[in-house]
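Trainee: Quick mapping for you: the protein sequence lines, in order, are chains U and H. Residues 1 to 110 in the working numbering are what the first sequence lists, from first letter to last. Residues 1 to 117 in the working numbering are what the second sequence lists, from first letter to last.
Fair warning: there could be bad hints in the mix.
[What the hints assert, rightly or not] Below 25 Å or equal to it, Euclidean Cα-Cα: the simulated SDA-like pairs (lysine to any residue) are: (1) U:97 with H:116; (2) H:70 with H:22; (3) U:107 with H:28; (4) U:56 with U:1; (5) U:3 with U:26; (6) H:71 with U:96; (7) U:40 with H:70; (8) U:3 with H:59; (9) U:41 with H:18; (10) H:70 with H:40; (11) H:70 with U:56; (12) U:68 with U:46; (13) U:97 with H:12.
[Said to hold, decoys possible] Label pairs and their calculated CB-CB ranges: (14) H:5 with U:5: 44 to 54 Å; (15) H:60 with U:16: 20 to 30 Å; (16) U:57 with H:14: 25 to 35 Å; (17) H:20 with U:109: 15 to 25 Å; (18) U:18 with H:51: 25 to 35 Å; (19) H:80 with U:5: 42 to 52 Å; (20) U:75 with H:117: 37 to 47 Å; (21) U:40 with H:20: 21 to 31 Å; (22) U:77 with H:83: 26 to 36 Å; (23) U:2 with H:83: 25 to 35 Å; (24) U:94 with H:69: 38 to 48 Å; (25) U:9 with H:110: 45 to 55 Å.
[Claimed, not checked] Chain H regions said to be covered by chain U (calculated; three or more residues, Cβ under 8 Å): (26) 12-21; (27) 48-60; (28) 108-115.
Quick caveat, the hints were computed from the structure, so don't treat them as lab data. Positions of the beta carbon are idealized from the N, C-alpha and C atoms, including for glycine.
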Amino acid sequence: EDKVVQSPLSLVVHEGDTVTLNCSYEVTNFRSLLWYKQEKKAPTFLFMLTSSGIEKKSGRLSSILDKKELFSILNITATQTGDSAVYLCAVVAGTYKYIFGTGTRLKVLA
Amino acid sequence: DGGITQSPKYLFRKEGQNVTLSCEQNLNHDAMYWYRQDPGQGLRLIYYSQIVNDFQKGDIAEGYSVSREKKESFPLTVTSAQKNPTAFYLCASSIEPRTEGFNQPQHFGDGTRLSIL
Numbered sequence: 001e002d003k004v005v006q007s008p009l010s011l012v013v014h015e016g017d018t019v020t021l022n023c024s025y026e027v028t029n030f031r032s033l034l035w036y037k038q039e040k041k042a043p044t045f046l047f048m049l050t051s052s053g054i055e056k057k058s059g060r061l062s063s064i065l066d067k068k069e070l071f072s073i074l075n076i077t078a079t080q081t082g083d084s085a086v087y088l089c090a091v092v093a094g095t096y097k098y099i100f101g102t103g104t105r106l107k108v109l110a
Numbered sequence: 001d002g003g004i005t006q007s008p009k010y011l012f013r014k015e016g017q018n019v020t021l022s023c024e025q026n027l028n029h030d031a032m033y034w035y036r037q038d039p040g041q042g043l044r045l046i047y048y049s050q051i052v053n054d055f056q057k058g059d060i061a062e063g064y065s066v067s068r069e070k071k072e073s074f075p076l077t078v079t080s081a082q083k084n085p086t087a088f089y090l091c092a093s094s095i096e097p098r099t100e101g102f103n104q105p106q107h108f109g110d111g112t113r114l115s116i117l
């Protein structure tokens, strides 16, 4: 059975800290891995990763994929209170098959 | 602005009642999806539609129904057969994966929170 596992489930840090969120997967037909940020409502797209070892970067956020070890990490440096959210990892495992992890709830304290 | 609009934001269902959640998109996307999100669980796929007048069951379709009469619209009906409907419902859309490649992120609406009265 295809599955995506995220860790930790929740995390509390202070502003300025660096955090690393993990996403591991076991799927039969990997196409790509997606990261989303969900605050109160709609998940917003952060990154799409298809190739191993190529870092995607956007401001203080970065992500990388390891297709050999079947995982991805999302790094957030110099965290701010506005980074507080649930971070979702999803694997595209077929034409219409998006498999989501349970998410990591991040809380950044001022 | 292009996007996905879900309505209502909050919905209450009485025992034995069917309720319909609206989802409209103006992104010109062919594919649309409905997910259910429960606390501590990932998004679970209810139904998806590749094209007008066609839709497929997802992992948890029982107690739900959909229609796709227009490209822009993909309403979800939660029927009385769904015994545990309390959840956050998210609608999403994407470019048709087969024509543009498989690696397409989905765009999401702001969700509808459904509760039982």
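Trainee: Determine which of the earlier numbered hints do not hold for this structure and return their numbers in increasing order.
Mentor: Hints 1, 3, 4, 7, 10, 11, 13, 14, 15, 16, 17, 18, 19, 22, 24, 25 and 26 not satisfied by this model.
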